[in-house]
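Enquirer: Sequence:
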Amino acid sequence: MRTLERLLAATASGTPEPRFDADAIRRETVRMAVRDGTLLATDVYLPPTTPAPAVALRTPYGRDQLGECLLVLARRGYVVVAQDCRGTGDSEPDHWDFMVHEREDSVDLVDWITRQDWYSGFVGALGGSYAGWMQWCMALHPAMSALAPEVAGFGVGRPGRGPNSYLFVNSYSRSVGKGADQLALGYEETERRMRAETLAGGWFNEPMDAPFSAPLLDRYPQLRTLPADAAQEWLWERYRTADPAGRASLVTTALGGDRVTYQDLGRWSGLFPHRVGDGYLFPRAVDGELYASLRTPALNITGWYDWGLDYTLATWERLTRLAPQPVRSRSRLLITPAAHNQPGYHEGRDDHPELDRVYRTAQILDLLDHWYTAVREDRLDDWPAVVYYLMGANEWRSAPAWPPPEAAVRELYLGAGGVLTTRPPGSPSAPDRYTYDPADPTPTVGGSLVSSVYLPGSVDVAQVQARPDVLTYTTEPLERDLDVAGPLRLVLYASSSAVDTDFSARLSDVFPDGRAIQLQSATLRTRFRDPGGAVALLEPGRVYRLDVDLWATANRFRAGHRIRLDVTSSDFPRFDRNTNRGGEPGPPVRADQAVYHDPARPSRLVLSVLPGGE
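Take the sequence shown: its position 554, counting from 1, is numbered 554 in full-length UniProt numbering, and each next residue is one higher.
Calculated directly from the structure, the hints in this document are not laboratory data.
Note that beta-carbon positions come from the ideal geometry of N, C-alpha and C, so glycine has one too.
Be a bit skeptical, because a hint or two may be false.
Computed Cβ-Cβ distance ranges for the label pairs, DEER-style [to be verified]:
{"hint": "1", "residue 1": "Pro324", "residue 2": "Gly62", "range": "31 to 41 Å"}
{"hint": "2", "residue 1": "Pro599", "residue 2": "Asp481", "range": "29 to 39 Å"}
{"hint": "3", "residue 1": "Pro531", "residue 2": "Pro599", "range": "23 to 33 Å"}
{"hint": "4", "residue 1": "Pro512", "residue 2": "Asp549", "range": "27 to 37 Å"}
{"hint": "5", "residue 1": "Gly256", "residue 2": "Gln363", "range": "38 to 48 Å"}
{"hint": "6", "residue 1": "Glu317", "residue 2": "Ala534", "range": "22 to 32 Å"}
{"hint": "7", "residue 1": "Val606", "residue 2": "Pro48", "range": "52 to 62 Å"}
{"hint": "8", "residue 1": "Gly257", "residue 2": "Arg224", "range": "18 to 28 Å"}
{"hint": "9", "residue 1": "Gly62", "residue 2": "Ala416", "range": "48 to 58 Å"}
{"hint": "10", "residue 1": "Asp218", "residue 2": "Pro48", "range": "55 to 65 Å"}
{"hint": "11", "residue 1": "Pro215", "residue 2": "Glu317", "range": "36 to 46 Å"}
Kindly generate the complete structure, drawing on both the sequences and the hints.
Expert: In structure tokens form, the structure reads like this:
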């Protein structure tokens, strides 16, 4: 078994002996000044022997959170640098502007490291989620040597193009960083205490053409004279070319409040062109310029049930297409069976201890150590380009690329009577119909969540699929095992009585005992049905082709199992619920939905199937 697969197959065995005792590690706390003079609390773990390779962590979750892990790395001979992000922990100021300053602050940290007498010429990075984004920020410094971003992306994002990750955002915004409205609780406890508030809210009814705020127009009066599209372009250019303080000031002027919050991201679509993506963190003129600037390889780590799986996969696609050749050839992708901070795939956990792991920093220190060493010593040939976990079979697979080059497209067509078949529809059939009521949304069950209240991952969704507002389409029992590995997409022909609504789709593996184990799900907000084009309402009753991106999966559907797709119009509170009003004031309204599956409108699920399947 090759290096990366061997490391992943091991759980706690084979841990390298530390070079130094814990008492030999000296920990220093400094107040590092960034370019605008703000002081950021920074811990440095120094082994007895320096210069030495350095590893850096920037986090809003407290620089002590991974203290034991950082000490382990220092005992193995690394200089470890851990920093509280601006406006969090012990760093200045007394409020947190979400992400806006991080690009420059991260580059300043790397610059500071290169000026220290213990600097050896190697700077690696570690950390996941927000800290993973900080790694990508650090990558913009030419001295960076190796990245290992866990569940994070680079130059990709969702703001303004779909339903808001309501469950996570609502609690996260109140539990991380400094601010007058913050709760002095961790995320998990905040989510539990806010559950009633969360379930009572989450109503989406943003105006289609929200006017700029009066304070913004007073600040930039030229916006009054420009057409709407040109005004958004002008404002984006202003934001893109400003320094971090200017960017934060522009956003707070436009949206109100005294700081930039995570919750604000859902409102950015009214300010800037919809292609902005994660421009709040990586403002840029040309999309590909970020990747062209990279000089360091990255071990990209995500999980099949991670809420940011799409971020990592989109990053990998762009990295392997746009980055310089040395970066492309030396970067790697690892897709585990995990969720964001919890195990994800639960079937077979008694016999497969790898399913109990979350593959975050504390559990992958050996892997990180080997990665940094392989990069330093230029010994990456033994690392497969891609390693992914094949659920259902419960085994690790490697591939030279993602998706696996040998995977072939397979289309399964929705049909009358709830069938899902390889045969295209051959005769007319009536559409399937249901009514979506925002006051009684289809509830979240499993899937790609960050939650301590709702179990993420491969949860049985059969009970939810029995609701009258859920349509199900199921294959016959499979005669042979079928391995699916790669992108998932639903081509859905649908109509609605509403001018704006959502369509949610979910893929599940139906076991012989009737359980429907969720594999992947996604929701399309119809006003954003054109991924790169204009935002537009629906014409009630008109049939539209809707392309629903279901991200990706890798699963063995065993013989005797069935493949099921279900279609509904909500996944609440994972996502906010559409009121169906298209931005017009008033209470939520019901929407009568129809799904079509005739020869002229062949709704179909598009899979990636590995050779050997039936």
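Enquirer: Sort out which numbered hints this structure fails and list those numbers smallest first.
Expert: none
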